[in-house]
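*Asks:* Protein chains in written order, with the working numbering: chain A, 1 to 191; chain B, 192 to 604.
Please keep in mind that the hints were generated in silico from the structure rather than gathered at the bench.
A couple of the hints might just be wrong.
[As the list claims (entries may be wrong)] Examples of chain A residues lying across from chain B (beta carbon under 7 Å, computed):
(1) 22
(2) 30
(3) 66
(4) 131
[What the hints assert, rightly or not] Which stretches of chain B does chain A cover? Using the computed rule of at least three CB atoms under 8 Å from a CB of chain A, they are:
(5) 204-213
(6) 471-482
(7) 487-493
(8) 523-534
(9) 595-601
[Unchecked claim] Simulated coverage check for chain A against chain B, where a stretch passes if three residues somewhere in it have a Cβ under 8 Å from a Cβ of chain B:
(10) 33-45
(11) 48-54
(12) 67-77
Think of the CB as a built atom: it goes at the ideal place given N, C-alpha and C, for glycine as much as any other residue.
Residues per chain, in single letters:
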Amino acid sequence: MGDGVKHLFSRPRARGSSFVEVLLAMTIMALVLVGILQMFSVSLVINKGSAARTQMLFRCQQVVENFRFFYYLQRNPPAVPPPLLTDLAHVSGAAMTVPGTLPIPLSEVAQTFLPYTSADATWPYWGPTGSNVIEQDSGPYKISYTIKQDPAQNVWVITVSAIPTDVATATRYFGVGLTSGKRVDYVAQFQ
Amino acid sequence: MVSLLLLVIVLTVAMSMLFQMRAFAERQQFFMLPRQTARRAVDYLSYYIAGATDLNATADSPNALVVYYNLGSPGVPIQASYDNLDGTEAGNAVTVPNVSTKFGDLGTDVITLLAPTNPAKYLAAPTFGGLGTGSGFYFNFRGGCATSDAANFAAFQTATGYDGTTQSALLLLVDKNGNWIYFQIPNGGYGVSNCADTTTFKNIHVTADTQSASLPAPPNGAANLADPVFLVTGIQAISFRVLTDPADGVPKLQQKLGLFDPSTDNPGTAFVNVMENVEDLQIAYVYAQEPVGGLGTFWNTATNDLRTTGAAFGAPPQAGPTAVPGPTDVTKVVGIRFSVTARSPRLGLGAQQLTNVQSSQSLATTTSLHFRPASENHPVPMNPLAPTQPAYDLFDHYRATSMLMLRNRTLGS
Chain A
1 MGDGVKHLFS
11 RPRARGSSFV
21 EVLLAMTIMA
31 LVLVGILQMF
41 SVSLVINKGS
51 AARTQMLFRC
61 QQVVENFRFF
71 YYLQRNPPAV
81 PPPLLTDLAH
91 VSGAAMTVPG
101 TLPIPLSEVA
111 QTFLPYTSAD
121 ATWPYWGPTG
131 SNVIEQDSGP
141 YKISYTIKQD
151 PAQNVWVITV
161 SAIPTDVATA
171 TRYFGVGLTS
181 GKRVDYVAQF
191 Q
Chain B
192 MVSLLLLVIV
202 LTVAMSMLFQ
212 MRAFAERQQF
222 FMLPRQTARR
232 AVDYLSYYIA
242 GATDLNATAD
252 SPNALVVYYN
262 LGSPGVPIQA
272 SYDNLDGTEA
282 GNAVTVPNVS
292 TKFGDLGTDV
302 ITLLAPTNPA
312 KYLAAPTFGG
322 LGTGSGFYFN
332 FRGGCATSDA
342 ANFAAFQTAT
352 GYDGTTQSAL
362 LLLVDKNGNW
372 IYFQIPNGGY
382 GVSNCADTTT
392 FKNIHVTADT
402 QSASLPAPPN
412 GAANLADPVF
422 LVTGIQAISF
432 RVLTDPADGV
442 PKLQQKLGLF
452 DPSTDNPGTA
462 FVNVMENVED
472 LQIAYVYAQE
482 PVGGLGTFWN
492 TATNDLRTTG
502 AAFGAPPQAG
512 PTAVPGPTDV
522 TKVVGIRFSV
532 TARSPRLGLG
542 AQQLTNVQSS
552 QSLATTTSLH
562 FRPASENHPV
572 PMNPLAPTQP
582 AYDLFDHYRA
592 TSMLMLRNRT
602 LGS
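Just chain B, with the same shape it has in the complex (with noise of 0.2 Å):
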């Protein structure tokens, strides 16, 4: 009888023990998921940031950050990076209440930029004609000649990224002085292989429309390209949104191989699930000299404001190469400092009992980091019932940030 009660002492301690670790470990695991997510996120991101670049380097990159590109015959601006999805933007709405957007969650920011993933440059060869329907190109590619002109003009259509069936993937044409426009080839525009030309090196003959209406053109319209104009290759439109996802209400970061484009990112379903539980994504921009004396170089942050400066949705503006840049345009932006904010997945009830998620203290003396925190200038979400309480709710919570120069626009530094 004894040695009964002994037996059950020694495994009453030992398992409640056990039941307390295992509670321990599975409050750290939610300790540890945000912050987990958040760098991963970042690490992420950071690679197409700090490499974010269009090839264009006598202009520094102009179109390495794409917040507008025209669209449409004759063009209209289309917006592709935005501050604070509100759900006022053209074409967007809100989708469900507090939450989220057509193109994103309520309060996060979407970006779009262009990332080098195998670039090249091939020259044109002069003179380049005008912009138009059906114009003729001639490009100094020889990547096949080597083997054959078949092998050359194979060679091609991978250098242009050719689906096979209808299209070069997006590409740019850039000239002497930094201007540029978007181009792209298509099915029936792969011309010829020649790779005997050796004196002009008109090596492949490709026939494309410069001013489609369903071609992207720069912002306010392409500017005359002047020779030498080089044909841009390698290079992959990307955008980046945080979407709750309907089916199970857990917020993802979403990308896009592609020009965010409003009216079919509605959700659309062009974005694919990169990272879940990612709550937040800031960007703040970072410029080369103060656009507005005084209030110093970081904006979109929790003092500055684009908005403040007429900036349409609080995005920086992109005047193109037919338009004088204004002191906040993204050409003169060097760097991103960007947030992301990640959660946890719910906590469980052994979890919860560990740490403070029923805080009822104000957001100026609270200790429990149970709230989706203040990035940039998104603030902290607040408690309707109770308007000095931060909105608690039974997760963790992490924000993880970064400042990361534009390489490309910052080269020997």
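Just chain A, same shape as in the assembly (with noise of 0.2 Å):
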């Protein structure tokens, strides 16, 4: 044998990682992975929150541009508000009797909310087919409203809230709950 074979053979053994090395650095990379995997679905569901709780404030915003309509009605004789939402024998402070309904004239109303199903009486004004500010039937948020008056002002204070759904069976917002703190509150002053 040469001296150049026994140089093959006699070389020192090739330095590398040992399998529980490899093992260990495999773990760190599938934590690591799963941290970034995390990282998406966390941005989903905050997006899908900040989408639900857009969609919820323009509702908000357009109820109260529909109260602002009904009550310019109310004021301007011999305009007629639409008989729909009016409710001659309400009593100042408490909810309102059929949801969806406003006083004449103007009270304070305890928290009532607008119709949430197509069963609703209302519904064929807050509906797709009328203001389109209840969306579907049985859909992913719910809103009310409550009116104070505010004698120092002398204004009417209007808060219309939307809240995600708390109906199991309802079309709900993705990752979006009633715990979710995903509450809007609008509110309007009318003289």
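Dock chain one against chain two, each of which comes alone in its own frame, and use the hints as you go.
*Replies:* Here's what the structure looks like:
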């Protein structure tokens, strides 16, 4: 055997990683990847939550604009506010008997929800064939309103609130529940 | 070998999850885009609709919404706002079957209104003469008198929107009774400034033709104006429509700075794109009183159509100052409920697999949202091969609706 061959067989053992080292590296990489992937899903949920809040805010604004229309007509006789929404027998401070109706004359209203299903009485006005404030039957949000008088400023304060639905069988926002804090309150003042 | 196998497994799992996440993100993007587009369009239109006015407070802004105007000599009524274009309107025709007409997309509405941009009113020195050609007017305009007559003259040209070569912007003259006419000052009509007149305030002299065949006139012709008469400046006629661009097949919200003119806006070049992927614009007119007893105050909705009252092409009539307005006249509209339907770009393959684009459910039972939704009196497009099914497509759709009181017709409310 020549010197060259001897040298080949006598080469020092190649340095490298042991199986345990590779396993450890893989584990670390897997953990990092899980963290990164979680970032995507969290951003997805945050994005959905933001979209939900935007949608609910938009709807609250529309409710106020419809109230504005209603009371404009009421104050400008002989204009006639939509009879569907008119409640002449409302007791100040109580909730509206029929969801989605409004008191004439204007008085304080405890929290009252807009219609939520197509079976509700004022659905034709608030639903998709009407003002489209409530976009679908048993949709992902519920809208309520309160009316209070502010005697100091001599104005009526209307607060419209939207919350994600609590109905389990309804269409719901992805990752947005009642406890998500995705509640929107929109406040307007009427003279 | 085992290490390599583990590496492959970890990477395969990670990559498949990453691709899935990418598809989810893409799906969400397609879900959100039409919502964002529709709301942006609603916001954009709200600015003009809520503030629509012709500064004619005496008559509650009678020309804030422009449905008709007269043009030519003798004046011929020109329609400037339409409901549910179908191609049969005067001067219109279907250009792409099931998609668009010359004026705009099939089934969509066109609206023209006057919006304030830099509103101001200037008294025309009495006595106001009759309408006619080459009429002379003096206006109490002193915007530049603190400097010089030259500065006052230049300020007047700026206030009246002089384009530097041919004429002023489209202006209005309104009188004490709320009667009004369109008004435009030609290049040669700008006279001289006389700031020294502080007695009769005839500070700017103008010569203009108030009965030109090329100048729009109120529908049914102009009424004589009675002193005091005011020049209204700083208002802008603006028209909106939806039209699918033949170049890329994308429906777009378009606007024109000016009155809609069927003879040139077919489709013409005056309209510019405002927003892509807007596929429907619907206008419901909200009246202060029920035009027809018992049918409510909202018209051009799913249940009330102005066509049933004889309105041409579903748009409210506009009597103008010389005729008696009917119960559905546009001057009796106090609010607009308008809906914008937007759509996403075409869904990618990954996003299609995460939603039910291949639905075959009927309209009554469908849970798919991949078809243009009904909006006011514009129904859902149906599949001609399966008449109970909506015309499903590969887009996400969203309809945003806003109701706005015309602030200048409901002042104090």
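*Asks:* Which hint numbers doesn't this structure obey?
*Replies:* No numbers; nothing is violated.
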